[in-house]
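**Q** Sequence order for the protein chains is A and B.
Start counting the first sequence at 262; every next residue gets the next number (our numbering).
Start counting the second sequence at 262; every next residue gets the next number (our numbering).
A hint or two may mislead.
Given that identical chains are not distinguished, each listed pair holds provided it fits within a single copy or across any two copies.
[What the hints assert, rightly or not] List time: in silico DSSO-like cross-link candidates among lysine-lysine, alpha-carbon distance up to 30 angstroms: (1) Lys419 / Lys433; (2) Lys286 / Lys520; (3) Lys281 / Lys434; (4) Lys313 / Lys507; (5) Lys451 / Lys419; (6) Lys347 / Lys313; (7) Lys481 / Lys285.
No wet-lab data here; the hints were simulated from the structure.
Protein chains: 2
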Amino acid sequence: MNSRAIGVFDSGIGGLTVYKAIKKKMPGEKVIYLGDTAHLPYGTKSPETITKFSEENSKFLIGKGVKIVVIACNSSSSYAVSHLQKILDIPVLGVIDPGAEAAVENGEKEIGVIGTSATISSGAYEKSIMEKDPDAKITSQDCPLFVPLVEEGWIDHKITDLVIQEYLLPLKKQGIKTLVLGCTHYPVLKDAISRVLGSGITLIDSAEVMAERTNSILKKLGWLKAQESSNGEDEFYVTDFPERFKKVGEIFLKRKIDKVEMISL
Amino acid sequence: MNSRAIGVFDSGIGGLTVYKAIKKKMPGEKVIYLGDTAHLPYGTKSPETITKFSEENSKFLIGKGVKIVVIACNSSSSYAVSHLQKILDIPVLGVIDPGAEAAVENGEKEIGVIGTSATISSGAYEKSIMEKDPDAKITSQDCPLFVPLVEEGWIDHKITDLVIQEYLLPLKKQGIKTLVLGCTHYPVLKDAISRVLGSGITLIDSAEVMAERTNSILKKLGWLKAQESSNGEDEFYVTDFPERFKKVGEIFLKRKIDKVEMISL
Numbered sequence: 262m263n264s265r266a267i268g269v270f271d272s273g274i275g276g277l278t279v280y281k282a283i284k285k286k287m288p289g290e291k292v293i294y295l296g297d298t299a300h301l302p303y304g305t306k307s308p309e310t311i312t313k314f315s316e317e318n319s320k321f322l323i324g325k326g327v328k329i330v331v332i333a334c335n336s337s338s339s340y341a342v343s344h345l346q347k348i349l350d351i352p353v354l355g356v357i358d359p360g361a362e363a364a365v366e367n368g369e370k371e372i373g374v375i376g377t378s379a380t381i382s383s384g385a386y387e388k389s390i391m392e393k394d395p396d397a398k399i400t401s402q403d404c405p406l407f408v409p410l411v412e413e414g415w416i417d418h419k420i421t422d423l424v425i426q427e428y429l430l431p432l433k434k435q436g437i438k439t440l441v442l443g444c445t446h447y448p449v450l451k452d453a454i455s456r457v458l459g460s461g462i463t464l465i466d467s468a469e470v471m472a473e474r475t476n477s478i479l480k481k482l483g484w485l486k487a488q489e490s491s492n493g494e495d496e497f498y499v500t501d502f503p504e505r506f507k508k509v510g511e512i513f514l515k516r517k518i519d520k521v522e523m524i525s526l
Numbered sequence: 262m263n264s265r266a267i268g269v270f271d272s273g274i275g276g277l278t279v280y281k282a283i284k285k286k287m288p289g290e291k292v293i294y295l296g297d298t299a300h301l302p303y304g305t306k307s308p309e310t311i312t313k314f315s316e317e318n319s320k321f322l323i324g325k326g327v328k329i330v331v332i333a334c335n336s337s338s339s340y341a342v343s344h345l346q347k348i349l350d351i352p353v354l355g356v357i358d359p360g361a362e363a364a365v366e367n368g369e370k371e372i373g374v375i376g377t378s379a380t381i382s383s384g385a386y387e388k389s390i391m392e393k394d395p396d397a398k399i400t401s402q403d404c405p406l407f408v409p410l411v412e413e414g415w416i417d418h419k420i421t422d423l424v425i426q427e428y429l430l431p432l433k434k435q436g437i438k439t440l441v442l443g444c445t446h447y448p449v450l451k452d453a454i455s456r457v458l459g460s461g462i463t464l465i466d467s468a469e470v471m472a473e474r475t476n477s478i479l480k481k482l483g484w485l486k487a488q489e490s491s492n493g494e495d496e497f498y499v500t501d502f503p504e505r506f507k508k509v510g511e512i513f514l515k516r517k518i519d520k521v522e523m524i525s526l
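In isolation and in its complexed conformation, chain A is listed as follows (with noise of 0.2 angstroms):
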């Protein structure tokens, strides 16, 4: 297992935070990453649909020899997570549980909560948060401009600093500590949104958090890459467009990525 891959994949681009953070945590490791982004966006499917995609998600990365499946995207992680953990043999990863356990773990009870629209009415963070911790007092937000900020690559623009101040100036007020980044686009805005909320409230990035926890997993089974050995390139495929993949994924990684592969599940 140690020479295979990572798996991961998201409905579209916003996964690639994920990739960065693993990439950072665990440089010598390959990854495969798959974007859906045929179907795009998840948030508005319903739960059969989106377990259906994540399930035909899954197999695409099994059949490429992955060792872990790491789901980034919200929707996917709401819905499929269980149903995947039950059919693959393999270990799978949403992003809900371990981001609400981070948030818990930073010790404080007024947590705040921002994702997009589909996320924050679905209510996942927030059930897994009170199930941590009965007593936490939980503030929630969607900040539907901030994935077509990001998309735009509007990362240090007085314009989003504004939109940003729109959206979590009145979360200030009510006195949240710590703040979930609870979709995938936002770590990119993660230096403006600290900028405007200054100091004394947390961050929890979910990207970071999703490395950490496929660090440990990894380790615990002993499945960490040797680091000397080389398995070759990380690949990217898409289910439509790779060009716009291409072109924002630049945003995201501030590199090129050289090759995106169309396929079709």
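Use these hints to put chain B onto chain A, whose structure you have.
**A** Below, chain B alone, put in the same frame as chain A:
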């Protein structure tokens, strides 16, 4: 035919600007609106898939007895309109050609076109304008943040004004005299766009143009409704999540939409 309804379909909610313009122009006409919200966005789908969805939408409306099919969706109008005109027995009207024609009829050569990334990269408006006036000088700009700003309800908002400046002041500097609002959402921002651009640039509101054109087709055929009779309330159908359609629909219509029925095609 006179007492039958006008059918309008869109991939989602944006077509409500067309609905509103039709009702303003022909208050006595009944309209049946279908938003194919389960499949949105169309802009990132293949021409074959868009044509298939458009055919299903049209057949649903025809099943409801409409006398004309008005396609409010840009992607559908780009790829499916000639196919639908071939297979359907009633008039079918797309959004691209009337918009392009109105732009050319404004009589200025310097024409700006704005739309979603999918519409702009399709080049559909440019092609249609150049067919009508080969001497036109067209500047195109995609404005990916306009749709989420409208759906967030930030219509009279300083952030929206700043975003409009960011996208459109370069077009103004370029010397455009006519600006085609090439996305069904954009008429909602018409006042804000006028405010930012100032005088001297004519905005082509494709929703108004569609309403004019629908009226003239029905008039020519003698199919306009006799004014005094009543043929019932307008009907709204979606293929997913009626609640979101109701909520965001209020931003478009400035009134409550009481009944939105979910159907499966």
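**Q** All the hints need checking, so say for each whether the structure fits it.
**A** Here is what the structure says about each hint:
In this homomeric assembly, lysine 419 and lysine 433 come within 30 angstroms of each other (Cα to Cα) both inside a single copy, at 20 angstroms, and across copies, at 21 angstroms. For a Cα distance limit of 30 angstroms, the shortest separation of lysine 286 from lysine 520 inside one copy, 23 angstroms, qualifies, whereas the shortest one across copies, 52 angstroms, does not. Within a single copy, lysine 281 and lysine 434 get their C-alpha atoms no closer than 32 angstroms, and across copies no closer than 39 angstroms, so neither meets the 30 angstroms cut-off. Proximity of lysine 313 to lysine 507 under the C-alpha cut-off of 30 angstroms is found in both arrangements, the shortest distances being 26 angstroms within a copy and 28 angstroms between copies.
Taking the closest pair of Cα atoms, lysine 451 and lysine 419 come within 30 angstroms of each other both inside a single copy (15 angstroms) and across two copies (23 angstroms). In the homo-oligomer, the alpha carbons of lysine 347 and lysine 313 lie at most 30 angstroms apart inside one protomer (14 angstroms), although the nearest pairing across protomers, at 36 angstroms, exceeds that limit. In this assembly of identical chains, lysine 481 and lysine 285 lie within 30 angstroms of each other by CA distance solely inside one copy; the values are 19 angstroms within and 67 angstroms between copies.
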